[in-house]
Structure formats: structure tokens, C-alpha cells
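> So the protein sequences, as listed, match chains U and A. Throughout the first sequence, residue numbering follows numbering that gives the first Met the number 0, covering 0 to 208 in sequence. Throughout the second sequence, residue numbering follows numbering that gives the first Met the number 0, covering 0 to 185 in sequence.
Please keep in mind that the hints were generated in silico from the structure rather than gathered at the bench. There may be inaccurate statements among the hints.
[As the list claims (entries may be wrong)] Heads up, incomplete: computed chain U residues facing chain A, CB under 8 angstroms, no partners named: (1) ARG45; (2) ARG48; (3) VAL49; (4) LEU53.
[Unchecked claim] The following residues of chain A were derived to be distant from chain U, with all beta-carbon distances above 12 angstroms: (5) ASN79; (6) ARG86; (7) ALA87; (8) ALA111; (9) ALA130; (10) LYS132; (11) ARG134; (12) ARG168; (13) GLU170.
Ideal Cβ placement from N, Cα and C applies to all residues, glycine included.
Residue strings, one per chain:
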Amino acid sequence: MSRCWPEGELRAYLDRELTARDMDWVAEHVKRCEPCRLVCEELAGRADRVAAWLEVLPEPPTPVKIPAIPRSVGQARRWLAVGGLAAALAATLVMAPWRPRAGSEPVEVKSAPVTKAKVTPDPPLPDGRGSEASIPSRDRKGAVAVHRAAPPQPAPRVEYYVALDDEPIEAGVVVRVGFGGGQVPADVIFGPDGRARAIRLVSDILGEQ
Amino acid sequence: MQPEELAVTPFGTAPRTGEWFEALFRDHYPRVVGLLTRLTGDPGQAEEIASDVFSKLARRPVLLAGREDVTAWVYRVASNAGLDAVRANARRRKKEEAASRERLRAGAEAGALDSLLREERAACVRALLAAMKPRDAQVLLLRSSDMAYREIAQALGVQPSSVGTILARAEREFERRYRERHGDDI
Numbered sequence: 000m001s002r003c004w005p006e007g008e009l010r011a012y013l014d015r016e017l018t019a020r021d022m023d024w025v026a027e028h029v030k031r032c033e034p035c036r037l038v039c040e041e042l043a044g045r046a047d048r049v050a051a052w053l054e055v056l057p058e059p060p061t062p063v064k065i066p067a068i069p070r071s072v073g074q075a076r077r078w079l080a081v082g083g084l085a086a087a088l089a090a091t092l093v094m095a096p097w098r099p100r101a102g103s104e105p106v107e108v109k110s111a112p113v114t115k116a117k118v119t120p121d122p123p124l125p126d127g128r129g130s131e132a133s134i135p136s137r138d139r140k141g142a143v144a145v146h147r148a149a150p151p152q153p154a155p156r157v158e159y160y161v162a163l164d165d166e167p168i169e170a171g172v173v174v175r176v177g178f179g180g181g182q183v184p185a186d187v188i189f190g191p192d193g194r195a196r197a198i199r200l201v202s203d204i205l206g207e208q
Numbered sequence: 000m001q002p003e004e005l006a007v008t009p010f011g012t013a014p015r016t017g018e019w020f021e022a023l024f025r026d027h028y029p030r031v032v033g034l035l036t037r038l039t040g041d042p043g044q045a046e047e048i049a050s051d052v053f054s055k056l057a058r059r060p061v062l063l064a065g066r067e068d069v070t071a072w073v074y075r076v077a078s079n080a081g082l083d084a085v086r087a088n089a090r091r092r093k094k095e096e097a098a099s100r101e102r103l104r105a106g107a108e109a110g111a112l113d114s115l116l117r118e119e120r121a122a123c124v125r126a127l128l129a130a131m132k133p134r135d136a137q138v139l140l141l142r143s144s145d146m147a148y149r150e151i152a153q154a155l156g157v158q159p160s161s162v163g164t165i166l167a168r169a170e171r172e173f174e175r176r177y178r179e180r181h182g183d184d185i
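The shape of chain U in the complex, shown without the other chains (with noise of 0.2 angstroms):
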């Protein structure tokens, strides 16, 4: 006579959960082993008895209805890595009337001293994002206030402030560069994290005070 099985391959057996060899085996088994036949049976017999007792509890809504898919982090990482692809792609746009025409000297970026600065975050806009790259009016003038220990100047007008991510700027540097061989002011405001977060034209050395 072949081995006797233990409870749980038994119970899967009554399942047909085993592998076909298997259940051939166990099959054959249990036709002549006496203890392996009752143990079967109790088996079967307990397992209708908790099925029975189970089935008055209410089967759920069919089809269940899938809601919105939770936003997994690695999809708000991506989205957000395409929410700052697009705000670089605005600034360049922004930015593309100060590129220098072809045959002019190439384009010369001169930093102008860094200067360690507290940066005030701007004020939202009207839809609360605040981050849209976008062009100011006239009342955003310093939308950015940066105090600096330089000796005073006149405060340059503000011209085009892109913000280059989502997240409020609430410390920063700011390095002054000119374009175009220092013609065309700039400054880029830097994130205490090292990151560039936002880019603003300076126009009063443009001439158009």
C-alpha cells in the first residue's frame, strides 16, 4: 500500500487542487487505505457544513464598479518631472526673443556676484497655482523681492518671471547673468537645494524705463 497523504494535501485533493499525477495518486490511496478514506470524508463533510454557513453572506455587486486609479508615486514623480520639462519649455519660449540672431557673437553668460538673498515667495494667482509660467502685468512688479546687502540702486523693473516648478520659494540665491554678450540681464534664482527654480528678465538696462 502506497503512503498515507497528510490533512492538507487531503484537503486539496477534495478541491481537485493537486496536480493530475497527484490526484490520480491520492485517488488510488484513498480507495485502500481505510483511515485516509475517513479523514476524506470528515474533511468533505466540514468543508460543506463552513461553505453552508459562509453562503449567507451577501455576494457583492457584479460588475464591481473600478473607480480612479490611486496616483502611484512613481506616476506623481513622472508627472511632475513632465510638469518641469514643460515650464523649462515655456521659459525657453519666453526667452527665445533675447537669443542672438545667427552671425552675432555667440551668446556670453557673465555671473554677476552671487549674492545670498531671501527670496519672497510670490503671491498666488488668482487659481492658487502660482507656478504657471506666465508674464506678469505691470502690478506684478517685484514679484520677487530679493533683499540684497549690495549698496542701493535703483530697483530694477521686472519684466518676465517664470517659475520653473510648483513648489513656493521661501529661501534662495539669486545669480545675476546677462545674455548676449551681457546685454540682456537676467536673473536666475536658485533653490536652497542647488536647483535653478525660477528665471525673471531685468529690463532696466534694456533701456525701456
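Fit chain A to the given chain U structure using the hints.
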């Protein structure tokens, strides 16, 4: 009802991208809602718990980035939350049952007796499940939802060859508790 096959996607080994999460959600959300509906008796509450579980998963980058079997995590957290809800619902159900008995006495509802008895039996089964070890309650619920051993193993985070043993023990324990409560005259 024929057992509906779960996707064969090995969620434990596939790269955990956004698409992976969406596939996990689509494949398992209806199952989780079904299990919780049977457990709580309230489809709305079941959907709420299931949504909370998947939202919690989406907010756990450590879990998503780790090697833990997320499917097992989902079923474990969902069924534990469902069992908690059953315990929390017990008091409310007693009040509802008292109100049902009152309506029955007043003869206000046709067929109210059958409905009341069925609801009482369901409440009893839920109470017994809530008092069992979570894994025993889970395996009974999953099996009674016609899940195959392979799927149950995935949900419990065990080998398929262990499911028969776990199920047999859980059934024995459930029957013992049921007889304790109702006697042998059942």
C-alpha cells in the same frame, strides 16, 4: 459561479512601474471589494475600505520599491480593515436588528422574518470570523469567494502547497466556534 482566474502576472517579480500598479489595481480591486462586501455586508463600506487600501499602497514608496509581495499586503491589510469594521459594526447591527424585530412584530414588512433570520446568521458568521486569527478568517473568505489555491496562496503570501493545510485547520476552527455558539443542533 466559476472561479475567475486572476491575471497570471507575477506581481512579485515584475518591475514596479505605474503600469504595474494600474494592472495590480484593475486585477485585484474587484476581488478585494467582493471579499469586503461579504465580510462587512455593506458594499459602500467595502468600496471605501478597498479604495483606502490602494491609496495607502500608492502613498508607500518604500513598499512599492521593496521586495515584499504587494498582493499579499493588499489582501492582508484589506481583510484586517474589514475585520476591524465588522467589530466596529457590531453595536450598530444590534440596534438595526432590534429595529428589525420591532418591524417584524408590527407586521410592517412582508417576508421580514426570512430577511431578519438571514441577517442574524450573517452577523453571527461575521462575528465568528472577526474572532478568529486573521489568516484563518482570510483563507475562509477567499475560498468561499471561489478563489483557486494558487490565488489564495498569492493573497496570503504562502506556498500553494500550504493552502490545503491552512484551509483544513481554519475550517476546523470555524466549526468548533460555530458549535460552541449554537450547540451541536445545527
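> All the hints need checking, so say for each whether the structure fits it.
Going down the list of hints, with the structure as the test:
1. The closest approach between the C-beta of U/ARG45 and any C-beta of chain A is roughly 5 angstroms, which is under the 8 angstroms cut-off, so the hint is satisfied.
2. The closest approach between the C-beta of U/ARG48 and any C-beta of chain A is roughly 6 angstroms, which is under the 8 angstroms cut-off, so the hint is satisfied.
3. For U/VAL49, the suggested interface contact is upheld, since its CB lies about 5 angstroms from the closest CB of chain A, less than 8 angstroms.
4. A least Cβ separation of about 4 angstroms between U/LEU53 and chain A falls short of the 8 angstroms threshold, and the interface hint therefore holds.
5. Non-interface status of A/ASN79 relative to chain U is upheld: no Cβ of that chain comes within 12 angstroms, the nearest being about 17 angstroms off.
6. For A/ARG86, the shortest C-beta to C-beta distance to chain U comes to about 16 angstroms, beyond the 12 angstroms cut-off, and the non-interface label holds.
7. Non-interface status of A/ALA87 relative to chain U is upheld: no Cβ of that chain comes within 12 angstroms, the nearest being about 17 angstroms off.
8. Look at A/ALA111: its CB is around 16 angstroms from the nearest CB on chain U, clear of 12 angstroms, so calling it non-interface holds up.
9. The beta carbon of A/ALA130 sits about 14 angstroms from the closest Cβ of chain U, which is more than 12 angstroms, so the claim that it is off the interface holds.
10. Every Cβ of chain U is farther than 12 angstroms from the Cβ of A/LYS132; the closest lies at roughly 15 angstroms, confirming the non-interface assignment.
11. Look at A/ARG134: its CB is around 14 angstroms from the nearest CB on chain U, clear of 12 angstroms, so calling it non-interface holds up.
12. Listed as outside the interface, A/ARG168 is inconsistent with that label: its C-beta sits roughly 8 angstroms from the nearest C-beta of chain U, within the 12 angstroms cut-off.
13. Distance check on A/GLU170: its Cβ comes as close as 5 angstroms (rounded) to a Cβ of chain U, failing to clear the 12 angstroms threshold; non-interface status is violated.
Taken one by one, the earlier hints fail for this structure at numbers 12, 13, listed in ascending order.
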